[in-house]
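If you read the protein sequences in the order shown, they are chains A and B. Numbering-wise (the numbering used here), the first sequence opens with residue 153 and increments by one. Numbering-wise (the numbering used here), the second sequence opens with residue 153 and increments by one.
Careful, some of the hints might be misleading.
When chains are identical, the list treats them as one kind, so a pair holds in a single copy or across two.
Dumping the calculated BS3-like pairs for lysine-lysine here, alpha-carbon to alpha-carbon at most 27 Å [said to hold, decoys possible]:
1. Lys-172 - Lys-410
2. Lys-320 - Lys-293
3. Lys-320 - Lys-407
4. Lys-407 - Lys-296
5. Lys-284 - Lys-407
6. Lys-249 - Lys-429
7. Lys-404 - Lys-384
8. Lys-285 - Lys-320
9. Lys-284 - Lys-302
10. Lys-408 - Lys-429
11. Lys-384 - Lys-407
12. Lys-384 - Lys-189
13. Lys-320 - Lys-188
14. Lys-184 - Lys-256
15. Lys-408 - Lys-384
Treat the hints as calculated values from the structure; they're not laboratory data.
Protein chains: 2
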Amino acid sequence: MKIGIIGLGLIGGSFALSLKNDFDATIFGMDKYNLKKAKQLMLIDYELNKNLIHTMDVVIIATPVNTIGEIAIDVLDKINPTALVFDTGSTKYQIAKTIENHPKRSNYLLTHPIAGTEYSGPSAAFEGLFNKKINIICDLKKTKSDLVNKAKKIFLKLKMQIIEMESKEHDRHIAYVSHLSHISSFMLGKTVMDLEKNEKNIFDMAGSGFASTVRLAKSSPSTWTPIFIENKTNILQSLDEYINNLIEFRNKIIKKDKQAIFDELTQTNYIRNIIDKIEKE
Amino acid sequence: MKIGIIGLGLIGGSFALSLKNDFDATIFGMDKYNLKKAKQLMLIDYELNKNLIHTMDVVIIATPVNTIGEIAIDVLDKINPTALVFDTGSTKYQIAKTIENHPKRSNYLLTHPIAGTEYSGPSAAFEGLFNKKINIICDLKKTKSDLVNKAKKIFLKLKMQIIEMESKEHDRHIAYVSHLSHISSFMLGKTVMDLEKNEKNIFDMAGSGFASTVRLAKSSPSTWTPIFIENKTNILQSLDEYINNLIEFRNKIIKKDKQAIFDELTQTNYIRNIIDKIEKE
């Protein structure tokens, strides 16, 4: 099987490594910035150029979300009619809109493997990244059923767990459970560094709790800037609710309302059940 | 050496386990709520009652911060003149004020081992909790130098790294590097649960990044409610800056100001150096 991968960062690179071994596939890679590094790391067998796209059995688009729509159109224009194309972006609705009227729309599957880490680039890629991770596949009625099955086979072989969802719903929920955490983490990092920038040793006071909470502030600006813009509406809604909750909590502290604070923390402790479930997976 | 520990939760219980083995100490424990459990878990050798306090060589106060001041006065009233008393609370300035005029003030050392986890209670205690952790000791000129040395010996034997600081400074910095992370995490957990409460499966979409960011929302309300009230002034300052940063970031998203978002994320990525340092420790 010939697999073309466009974008050889953490996600694309990890697909390359995982598919190469699990499928005995030949990997063709394309990347504007990282091609040399991807070759050095032996992520790919050959370079993918536009003239080869029609020879691929599968094309994976794993570039920043703002670039996926345009690349998707270009790939669909070129592929042969039995090929499967899927992307791995963290937002889905805009991409769905961009491709909706393409004559080969049914060759395309919208996917989102929930498998990011705070690291990025080809050197962050590893085989096994997708092991036991969730893959959300969207609007799958718009994809030919044999190609949906082909994609599912790939994801299951990589030991992913598949969830199906409408792209619009995906973007709304993912704003809360992923995009908002990234913003809260980035802004926490910023707030602490703003204050403490001339007092480096103060960070000696920070414990593992701080490290855990700001971990996502290490994430790649190239990946996340377009996500925040692409999913603007949902992110603003979640962010506004977050800011309101912070302001309400602030007011409870101002009033020294011990009972209200205690009750709020106790209710929120319910998150344990959710986190434990995530971490068990 | 006879060591009395008041408060047998994560911190007090872990001191019990660590000191018992490292110092061949006899551990006397007192706890309003957890005594039975602490005995079952064999954290302590004997129950500590008020009539025994004058026989202790060391008394450790590891109760919620709002109770430490009163207990400290009571313990200082009762101890023999060569005994060392220290507390382990996450705020220091109010406690310092409460004990400042006590005739045995110089028997007391204000400490803050940065060794919490999101777990609490006697069953969360373990030997080795303090291994390679920071212990901040405050206002140490107010403690007899031989007792400071005695305390340092204990902390070093438990492999803690000691930092010295004024209690007022401690509270200001710790608001940023610890207390604020707890609030951001609790409110993130709340925000997501508020929206998603009827849609349990949605949490399947959450990845390890979300789990990491809300980890601290599992923390104990009994521990954290008093901390938020005790360190109110510093927490409000840090929280206001955090909220302002979130609002500014929100405005950048509204304007779709790609460059400004990218620059902000890139600057904040500097936090990598800090986190890596924390995690190496």
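Hints, one by one, checked against the model:
Taking the shortest Cα distances, Lys-172 and Lys-410 never come within 27 Å of each other, neither inside one copy (57 Å) nor across copies (36 Å). In the homo-oligomer, the alpha carbons of Lys-320 and Lys-293 lie at most 27 Å apart inside one protomer (14 Å), although the nearest pairing across protomers, at 62 Å, exceeds that limit. Proximity of Lys-320 and Lys-407 under a CA criterion of 27 Å is satisfied inter-copy only: 22 Å between copies versus 40 Å inside one chain copy. Taking the closest pair of Cα atoms, Lys-407 and Lys-296 never come within 27 Å of each other, the shortest separation being 59 Å inside a single copy and 38 Å across copies.
For a Cα distance limit of 27 Å, the shortest separation of Lys-284 from Lys-407 qualifies neither inside one copy, at 46 Å, nor across copies, at 38 Å. In this homomeric assembly, Lys-249 and Lys-429 never come within 27 Å of each other (Cα to Cα): the closest approach is 33 Å inside a single copy and 44 Å across copies. Proximity of Lys-404 to Lys-384 under the C-alpha cut-off of 27 Å is restricted to the inter-copy arrangement: shortest distance 10 Å between copies versus 30 Å within a copy. Taking the closest pair of Cα atoms, Lys-285 and Lys-320 come within 27 Å of each other only inside a single copy of the chain (21 Å); across copies the shortest separation is 46 Å, beyond that limit.
Proximity of Lys-284 and Lys-302 under a CA criterion of 27 Å is satisfied intra-copy only: 19 Å inside one chain copy versus 51 Å between copies. In this assembly of identical chains, the alpha carbons of Lys-408 and Lys-429 never lie at most 27 Å apart, being 34 Å within a copy and 35 Å across copies at closest. For a Cα distance limit of 27 Å, the shortest separation of Lys-384 from Lys-407 across copies, 10 Å, qualifies, whereas the shortest one inside one copy, 34 Å, does not. In the homo-oligomer, the alpha carbons of Lys-384 and Lys-189 never lie at most 27 Å apart, since the shortest distance is 33 Å inside one protomer and 50 Å across protomers.
With identical chains, the CA atoms of Lys-320 and Lys-188 are never at most 27 Å apart, being 36 Å at best within one copy and 53 Å at best between copies. In this assembly of identical chains, the alpha carbons of Lys-184 and Lys-256 lie at most 27 Å apart only when taken from the same copy (25 Å versus 70 Å across copies). Taking the shortest alpha-carbon separations for Lys-408 and Lys-384, only the inter-copy value of 8 Å comes in at or below 27 Å, while the best intra-copy value is 35 Å.
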